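Using the hints provided, position chain S relative to the given structure of chain P.
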Amino acid sequence: MRNDLADRRHQRGWSQGRLADSLGVSRQTVISLEKGRFDPSLPLAFRIAALFGCRIEDVFDPADG
Amino acid sequence: MRVRRHLAALVTGLVIAGGIGLLAGSFWPEQFWLRAVVFAAGSFGPAYGVGWLAFVFPPTADAPPVRVEESIEHDWWQRSTSGSFFDILTVAGLGSCVLALTRVEMAASTVLVALIVFAFADVGVRFTVLRRRAA
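Going line by line, the protein sequences match chains P and S. In terms of this note's numbering, the first sequence opens at residue 1 and continues consecutively. In terms of this note's numbering, the second sequence opens at residue 1 and continues consecutively.
Take the hints with a grain of salt, since some may be wrong.
What the hints assert, rightly or not - Ranges of calculated distance between the beta carbons of each label pair, as one might list FRET restraints: (1) S:135 x P:41: 20 to 28 Å; (2) P:6 x S:78: 50 to 58 Å; (3) S:63 x P:14: 14 to 22 Å; (4) S:82 x P:4: 47 to 55 Å; (5) P:11 x S:97: 54 to 62 Å; (6) P:7 x S:58: 33 to 41 Å; (7) S:103 x P:2: 40 to 48 Å; (8) P:15 x S:1: 29 to 37 Å.
To be verified - If the Cβ cut is set under 7 Å, some of the chain P residues that face chain S in the computed set are: (9) 10; (10) 22; (11) 24; (12) 26; (13) 28; (14) 37; (15) 38; (16) 41; (17) 44; (18) 51.
Source of the hints: derived by calculation from the structure; they are not laboratory data. Note that the coordinates shown come from a computational prediction; the quantities given were computed from them, not determined experimentally. Glycine included, every Cβ here is placed at the ideal spot set by N, Cα and C.
The shape of chain P in the complex, shown without the other chains:
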């Protein structure tokens, strides 16, 4: 699923490792999420949205899945 996770992470100056630690997942998970090759579970999607202070649909675009 297409998303702007990488852009949001860059805006905050976070590394992939830092984001992975904040979300409680592996760094490879963040890499795959940013490439759109891994669709997160609903709880993970909620945590991502909460971390960036937005809604899930602001980060993920289901139309491009």
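Just chain S, lined up with the frame of chain P:
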């Protein structure tokens, strides 16, 4: 400290392999030592692996993520094992069919070991393919 951990793994491997060797030898008293040594030597590798997992791996490994089940590695693992399950069913089914048709007799231990090796290899290949695709 590092040497101690490896030593503990080695001792664990020797104890487990020795135990397996003695157990195997006890079932064939006529050739006790031959059987015991062969079984101990053959099982030393996996037995050392148990020791390595117990003493060497935990202190040196990176801490796993808090939510392992939501990481992509967990997804790869689930997909590889579930895919492998159907592969095993297919291989076992086709193998049974071939054996029934050809009336070839095979030892159960041979068939089971072959199935275990196939299952390990299948999961390993599937997991590696998924990991490489994501790279």
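Against the structure, the hints come out as follows:
The given range of 20 to 28 Å is respected by residue 135 (chain S) and residue 41 (chain P), whose C-beta atoms sit roughly 22 Å from each other. Remark: the range hint 50 to 58 Å for residue 6 (chain P) to residue 78 (chain S) is contradicted by a beta-carbon distance near 26 Å. In this structure the hint that residue 63 (chain S) and residue 14 (chain P) lie 14 to 22 Å apart at CB holds, the actual value being about 19 Å. In this structure the hint that residue 82 (chain S) and residue 4 (chain P) lie 47 to 55 Å apart at CB is violated, the actual value being about 32 Å.
Look at residue 11 (chain P) against residue 97 (chain S): about 60 Å separates their beta carbons, and that is inside 54 to 62 Å. As the Cβ distance of residue 7 (chain P) to residue 58 (chain S) is approximately 38 Å, the hint placing it in 33 to 41 Å holds. The beta-carbon spacing between residue 103 (chain S) and residue 2 (chain P), approximately 57 Å, falls outside the hinted interval of 40 to 48 Å. Checked against the given bound of 29 to 37 Å, the beta carbons of residue 15 (chain P) and residue 1 (chain S), roughly 31 Å apart, stay inside it.
Because the beta carbon of residue 10 (chain P) sits about 21 Å from the nearest beta carbon in chain S, more than 7 Å, this interface hint is broken. For residue 22 (chain P), the shortest C-beta to C-beta distance to chain S is roughly 10 Å, which exceeds 7 Å, and the interface hint is violated. The interface hint given for residue 24 (chain P) is met, as the beta carbon of that residue sits about 3 Å from the closest beta carbon of chain S, less than 7 Å. Because the beta carbon of residue 26 (chain P) sits about 4 Å from the nearest beta carbon in chain S, less than 7 Å, this interface hint is met.
Hint on residue 28 (chain P) holds. Least Cβ distance to chain S is approximately 6 Å, under the 7 Å limit. Using the Cβ-Cβ criterion of 7 Å, the hint placing residue 37 (chain P) at the interface with chain S is satisfied: the shortest such distance is roughly 6 Å. Checking residue 38 (chain P) against chain S: minimum C-beta separation of about 5 Å stays under 7 Å; hint holds. At its closest, the beta carbon of residue 41 (chain P) sits 5 Å from a beta carbon of chain S; the interface hint therefore holds under the 7 Å criterion.
Proximity of residue 44 (chain P) to chain S holds as hinted, the smallest CB-CB distance being about 5 Å (cut-off 7 Å). Checking residue 51 (chain P) against chain S: minimum C-beta separation of about 13 Å lies over 7 Å; hint violated.
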